[in-house]
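One letter stands for each residue in the lines below.
Protein chains: 6
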Amino acid sequence: MNEWPMADGPLFELMEKKLYTGVICDTLDELGFRNQAMNERLRPLDPNTVVAGRAKTILAADVYHVHDNPYDVEIRALDSIKPGEVAVVCTNRSRNNGIWGELLSTAAKMRGGRGAIVDGLIRDTKKILELGFPVFCTGFKPVDSRGRGIVIDYDCPVEVGDILVRPGDVIFADRDGVAVIPADVVQETVRRALNKVERENHTRKELLEGKLLRDVYEKYGVL
Amino acid sequence: MNEWPMADGPLFELMEKKLYTGVICDTLDELGFRNQAMNERLRPLDPNTVVAGRAKTILAADVYHVHDNPYDVEIRALDSIKPGEVAVVCTNRSRNNGIWGELLSTAAKMRGGRGAIVDGLIRDTKKILELGFPVFCTGFKPVDSRGRGIVIDYDCPVEVGDILVRPGDVIFADRDGVAVIPADVVQETVRRALNKVERENHTRKELLEGKLLRDVYEKYGVL
Amino acid sequence: MNEWPMADGPLFELMEKKLYTGVICDTLDELGFRNQAMNERLRPLDPNTVVAGRAKTILAADVYHVHDNPYDVEIRALDSIKPGEVAVVCTNRSRNNGIWGELLSTAAKMRGGRGAIVDGLIRDTKKILELGFPVFCTGFKPVDSRGRGIVIDYDCPVEVGDILVRPGDVIFADRDGVAVIPADVVQETVRRALNKVERENHTRKELLEGKLLRDVYEKYGVL
Amino acid sequence: MNEWPMADGPLFELMEKKLYTGVICDTLDELGFRNQAMNERLRPLDPNTVVAGRAKTILAADVYHVHDNPYDVEIRALDSIKPGEVAVVCTNRSRNNGIWGELLSTAAKMRGGRGAIVDGLIRDTKKILELGFPVFCTGFKPVDSRGRGIVIDYDCPVEVGDILVRPGDVIFADRDGVAVIPADVVQETVRRALNKVERENHTRKELLEGKLLRDVYEKYGVL
Amino acid sequence: MNEWPMADGPLFELMEKKLYTGVICDTLDELGFRNQAMNERLRPLDPNTVVAGRAKTILAADVYHVHDNPYDVEIRALDSIKPGEVAVVCTNRSRNNGIWGELLSTAAKMRGGRGAIVDGLIRDTKKILELGFPVFCTGFKPVDSRGRGIVIDYDCPVEVGDILVRPGDVIFADRDGVAVIPADVVQETVRRALNKVERENHTRKELLEGKLLRDVYEKYGVL
Amino acid sequence: MNEWPMADGPLFELMEKKLYTGVICDTLDELGFRNQAMNERLRPLDPNTVVAGRAKTILAADVYHVHDNPYDVEIRALDSIKPGEVAVVCTNRSRNNGIWGELLSTAAKMRGGRGAIVDGLIRDTKKILELGFPVFCTGFKPVDSRGRGIVIDYDCPVEVGDILVRPGDVIFADRDGVAVIPADVVQETVRRALNKVERENHTRKELLEGKLLRDVYEKYGVL
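Line by line, the protein sequences are chains A, B, C, D, E and F.
Residues in the first sequence are numbered from 71 upward in steps of one, following the numbering used here.
Residues in the second sequence are numbered from 71 upward in steps of one, following the numbering used here.
Residues in the third sequence are numbered from 71 upward in steps of one, following the numbering used here.
Residues in the fourth sequence are numbered from 71 upward in steps of one, following the numbering used here.
Residues in the fifth sequence are numbered from 71 upward in steps of one, following the numbering used here.
Residues in the sixth sequence are numbered from 71 upward in steps of one, following the numbering used here.
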């Protein structure tokens, strides 16, 4: 039996174990938050990935020469990740470098990070898979960010997958996509979503028994 | 030994077992139908999928609020699927909702549907994979169609993957893509394609023996 | 112990066994070649593919009817592939045919070809996977090139994945992308990259011990 | 001297005479409405166009054969346009027909319509220019909508230029783009914008006198 | 009074004087040719351009070094233009050079060419405007084709603006777009279109008198 | 008679008066600089614009909230523009704000700036046209940069229109596009281009006399 409000750690584990993005988005719809799913260009490196966590936002931009202390803000951002957080990286549509890779995955993981959502390209994917660190991205590029991109801010609002993410929002992602749960409604969303999962089993069961969609819809009022 | 014309059920099983989209498209080329392969954005959810069936066309459009009886046409379309059919869904380039998901897959399967070709985004992919229902789509989005998209017609011509599909056309799809066989030439196409498969084995065999492409081409006249 | 310069055969095997595109690109950066990674639309058919080889360039263009001797230049190109080469195919952004397939893969392999990098669509992917021939491409299309595309030149400079490739350049590709090593710096690049792999192990190890990124970066000066 | 609230007719004429989209968007920013400018693909047919009016929303979708009564909803939509309204047409990203043309422009104008914002292609542009009816669109296509697109609803929320427009919102458009003013803040927005126009003259004047941007910004606090 | 069939010269002059692409496309629709309008990316250099002529097809492809006799086929193509022809240039989606410019415009004009439809980029636009030679294109690029693109064939089928154009087809283009009239139905299309123009005047006139769209549609059966 | 090397002021005036981008790009080709023309998405606000000047580079990035001192770097960049310079603004593919407008145009002009090349959206276009300040951009958006984009650096290498621009390079732009002349070859390029303009007159003249392209090409060796 869950005690509400739940602490972040057990909450995220429960979410990863019991929920899926579809039911999270349906619940957010009910609560009036209808634009919380990222653009479909964000895809999991491993299709079986399920990840939940607090958004640790990071803002990057492309540059065209090597700046002084190019990694300064990036290092501060990574070293300040706290347990239960998911790095959420806005690259401003970068296509010219693999801003996230094995080292950042390792550093994030060792701080307690639960995953990374990168609206851009990544590299070292074989080693990230071996590390078992959940990463979503828009593609792959084997070149380093040095002289190509820098982190310009963190712990600030960012737009990732065309959705505004604020520090403290909760990310939930699986093979269907990436959902952003606004900080204020996290507990409510999860509680409702857990209930909804139960009810969906009836619909599925009756359809599998061969009932018409018409009859099942009229009985349960949902599709 | 096959009796021609074959009935749909055995025909589709034979096609799924013996044929592949390449040989179907080559045969359609021979018959003068040169524009029958859908755009490459249509991809199988499971890369090992092979599916053949009659096109059950469905036409949807995005909307921006919840309409009265939003599922009315959709339910009629799904409940009228007949054994041997493949749902072929035109979403008019929708990118804002997962119009196809587990429930529709289950409903379609229980009516005898053999698969779905969705020129749009889908959700519940984990459960669709568990269900073993063949689906091709252009990407994934965990949000529901409610208030975002409606089915406006079915059993009508639709454009899916940039190819016009008419009710009664036969769909054949595998990891190389999705082909549309016009209703009038289905039997002819399959019969020729089965023959062609035999002949390609010679070309392959001689190449594997190390012969030059020049010599094999001059001998068999095909590449 | 490697003797430098190494011959192509052993060199490419060593590269495939020990290196990855990230370290190749970092080394090319050091040598001042900062734009050698192809566009991310090029993806491996099998994600576990690693391939190294000399670029055998091929240039194709779309056509809209069947030309006389449509396969003439293509056959000459394929039959002249030499051991250690990788076919590098520019299709001029073709989206209307599967210019590469099982037969070309077989022909290339039997000549000693190590793989193919196709900036366009391919077909017969099931059989190519069974053949175990490494292919990178931008998507899939089951239709033949006959009457749709022709090879117009080979052993000439081509632009593939937005990168200029000259005959004699070395291709190195894995799941992170495709790198082009200019002919003049191949030996130097590989030698340096092998060294760099060793050094990266320290960074990784210390991060895995829980050290802060700040401390590791200050110690090793790299990220 | 304007009496507030102003009636629609005089209000829209005042807006067209005194305001421009930049100052409207800056005012909406101040009021907390930061996402009210349509995508830049919407362009005026005549670059000198300035138009203000109530949104008369129309929702269309592509179809692929001639439906029964294909123009039924479209005719009802057009004939119900009221003086002061601007047709705001969502085509669901249609690229296959010129859904708006001379006849609809004429019909809209004769009902008192002030213009049309079409997120799609239009035709008869020479005659529309001669008619002097303000139209914004995303391009041109000389083919009729018959058998290609139908109006499926009107006076409903629509997404046009990626912005949600509700019936009753006010459209203001000029050569810089198209802004959507939510119904509730129309009077407030216009009043503030008129004031802001006055103040911007000081900044401009001092810059034209050669003052540094630094000094002007420190004096007026705006850029 | 026109004598049918008309010769090309007077026919094209009549078309340019009396017709517009909308009425041509409506007529082609009636005749069952529903996909004859090029993609909207093709735009006139001068928006007031109206041009009609026989398609002189030219097929080009990008290359990445200077070939021997790079202009050989191009020169033959240009020098064989006959009076009444319109150059229709397929560049296979080239974005890297201005394949058409002042010299080709001048050469084409002096042979009697009536215009050029280029599915690619052009240059020397100021001088082309001064020359008064009608050109449609998809954009502008000031770099020469030398070492970047070559003409590989002409007087062959080409795909331009996504429409197949065969030698002998007639092109008709104005500010609404570019229509392709199949060779077999040119006379029929023009004759019908001329009639249709007359009838449209009634619809327009009654709408301008303030009649409802409903009434005008019921009376004339067209929109 | 020009004295070489020429000072910037007279040089840029001469270029604007006598040259066009085509001849500049042909000259750069001769000198081995073959990739100096920006992407065709950069278009002049006024098609008759011709502008030459030293690149004053500015680097911006999108942000998603109002930063402290949001205009600080931007003001420093603008106030440090020197006579003869052209602002060259990299926005990192921004589509969400009009980063350049009337005030920056005015400020730049009063410092002696000759124009602006903005790889992004601009606003206040009516007033910029009235001011007569040459601006190239990729489109229009009426919303302010405040809280949407910031300048993060200037006088640094930037990539604009997909071309690397370094401080000190010379920009030359007209209705055909935007060319970047590397700092080291500016005088040489202009001198050669002026000569080339003379020679092109012969080719044009003979074509206008009706000579075949073949004959003119054989005589002058250029197209």
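Be aware that a few hints might be false.
The list makes no distinction among identical chains, and a pair is therefore deemed to hold if it is satisfied within one copy or across any two copies.
The calculated lysine-lysine pairs, modelled on DSSO-like cross-linking and capped at a C-alpha distance of 30 Å, are [to be verified]:
| no. | residue 1 | residue 2 |
| --- | --- | --- |
| 1 | 196 | 289 |
| 2 | 196 | 266 |
| 3 | 275 | 152 |
| 4 | 152 | 197 |
| 5 | 88 | 179 |
| 6 | 87 | 266 |
In case anyone wonders, no lab produced these hints; they're calculated from the structure.
For clarity, every value in this text was computed on a predicted model and none was experimentally measured.
Structure-based check of all given hints:
In the homo-oligomer, the alpha carbons of residue 196 and residue 289 lie at most 30 Å apart only across protomers (26 Å), although the nearest pairing inside one protomer, at 48 Å, exceeds that limit. Within a single copy, residue 196 and residue 266 get their C-alpha atoms only as close as 37 Å, which misses the 30 Å cut-off; across copies the closest is 17 Å, which meets it. Only between protomers do residue 275 and residue 152 lie at most 30 Å apart by alpha-carbon distance; the minimum there is 21 Å, versus 41 Å within a single protomer. When the C-alpha separation of residue 152 and residue 197 is checked against a cutoff of 30 Å, the pair qualifies only within one copy, where the shortest distance is 22 Å, while the shortest distance between copies is 33 Å.
With identical chains, the CA atoms of residue 88 and residue 179 are at most 30 Å apart both within one copy (23 Å) and between copies (26 Å). Taking the closest pair of Cα atoms, residue 87 and residue 266 come within 30 Å of each other only inside a single copy of the chain (15 Å); across copies the shortest separation is 40 Å, beyond that limit.
Comparing the model with each numbered hint stated earlier shows that all of them hold.
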